[in-house]
Amino acid sequence: MKIKNLLLPALSAIMLATACKKTETIEPPAPANNRILSYKVTNVPDAAVYGAIDDEKGTITLILPYYYFLTAIQPEIKLSEGATVTPGNGVLIDDITKKLGEGTQVAYVVTGKDGSKATYNLVLTTQQPDIAVDELSPDPANPLVLYHSDPSTFQFNFFSITGKNFIPQQESLGIFSTISYLNEQGTVVYTAVNGDNFTNSIGTAVPSAAQLPAGLYRIRITSYTRSATMKNPVKVETL
Amino acid sequence: MTFFNSTYSQVLAAVLLACWMIAGACSKEKVDAPYPYHELKTFKIVAATGDTIQAAIADGSIILYWPFDEPVPATITPLVTVSDKATVSPASGAAIAIKDSVSYVVTAQTGATASYKLRVIVNQPELQINSSSDMVGQLGANLSIGGLTYVIPDVNVTSAYLVSAKGEETKCTINGFTELGANDYALEMATPDVDTGSYKLKVVSATKTVTSEKAFVKVIYPIPAVIAPSTAITVKRGETFTLNGSNMRGMLAGRARLTGGQVYYDLELAEFNLTSVTYRIPADFPVGNYNLLHAAFRNYQGVTVYMRAGTINPVLIITE
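Chains as they are written, first to last, in the numbering used here: chain L, 28 to 266; chain W, 8 to 327.
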């Protein structure tokens, strides 16, 4: 009888114990399934170049070594399991020189296996050193005078712009330094494409009167992805 | 045993049952499962220029691309973000030494960890030295070493060394850089005071180092020079005459040509020292007036080099 007497309270005790353990466990939220996990550019001479991915900002920041002068990139993209991306993995992104110059972004749209979408903008940069230009007119009150070239008489008035970190032309890649003339409002009136330059000097001819009316202009040099503008103007006129 | 009589058991069971029902009613307690995520999501630093550099994170590495025109600082203060409820060590905002051995450890709430190793890649083009042409520097004179590409033309970040065949390095004092062609630089310096001979060139520019393939830098003695005689030298066959000059090393037989003639006649080398060379007129030397007189030396390449001694006509008169 003793065992029988014990059985009833024991059973109740067990029931009570299990009742107290019946708590609800909340599982952690599943990770987003529409992510770009890694972005790796493989068409480079040495080690692959990886992009820095920021899920919150929706960016892939890619630092392309400027001295590769890449005109196209071929990425290897790793995605969340089951996700797809457009443009697709391995699809060439071309016109890199232009995109670098204009700051154009390429958008990657990732679709997760649950159909959710995420957009990543490809931000292209180089770590090209900043360029510097020496003033042609050290005294703003006394601007250097440049005389118009006159193509009709084959008279080209050449002058040199010195500075540092200019990128020498890469003709086969379509990379040339440009010389822009900005009026007093800061508007570019004329841009000359330079065919030949060193890292510390660029030679160019004064534009013709048809290309650039007489006046005061500040000169801006653009070399690959960097620009620098002189503080003081030069005076362009016809001799 | 009175303690375990049946009546008591029944009461106890009833009490416990009541408790179970009450407890059952309040058991909807929620418990968060610990998060298992331990991902390093972003890693950013602000460079001295104010630019933010975001590192790429891939395959357990934190790849920090550094611009070569900015010196890599000793320490950086990265801002890092990690998965929800994970912790990271070193913490975000903690200063760390820039070294490839630095690791970040992310610990999930579950205690699981992931380690990320810092890798700094300085984006600088590889230096190149074209050592196909000899660059010759005379002791005591200036030396210009061309054929360098992607060198940074700044003495604060670029240095050069002559490397002997034994591997001994002598630091050069660079006075400047000349851009010979687009991105093709020459180093300008006084010829380092080393033994004459052939040297390789080692160049260090910011983070890159290159040593030339060939020992193309030739350090040589100053080239001999002859002082032009102001009056004609008149000598008989078998006699000697002396030309003064400087740096007269490796002197060789001289020669002379008759005024209006086409043939050179060799002069025997009698003796020389640093400041003079003495030639003897051979017995079969033609008699007459000579308007071309050459002293000669062997250069560093083993080639005989003739130096004209004076432009007066005649410069040498041979008599019977």
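Derived from the structure by calculation, the hints contain no laboratory data. Given the structure is predicted, the values throughout are model-derived calculations rather than measurements. Heads up, some of the hints might be wrong.
[Said to hold, decoys possible] Under the rule of at most 16 Å between Cα atoms (straight-line distance), these lysine to aspartate or glutamate pairs were calculated in the EDC-like manner:
1. W:K37 - L:E51
2. L:K191 - W:E278
3. L:K262 - L:D157
4. W:K51 - L:D81
5. L:K191 - L:D166
Against the structure, the hints:
no.	hint	result
1	W:K37 - L:E51	holds, 5 Å
2	L:K191 - W:E278	violated, 55 Å
3	L:K262 - L:D157	violated, 26 Å
4	W:K51 - L:D81	holds, 10 Å
5	L:K191 - L:D166	violated, 21 Å
Against the hints set out earlier in the document, violations occur for numbers 2, 3, 5.
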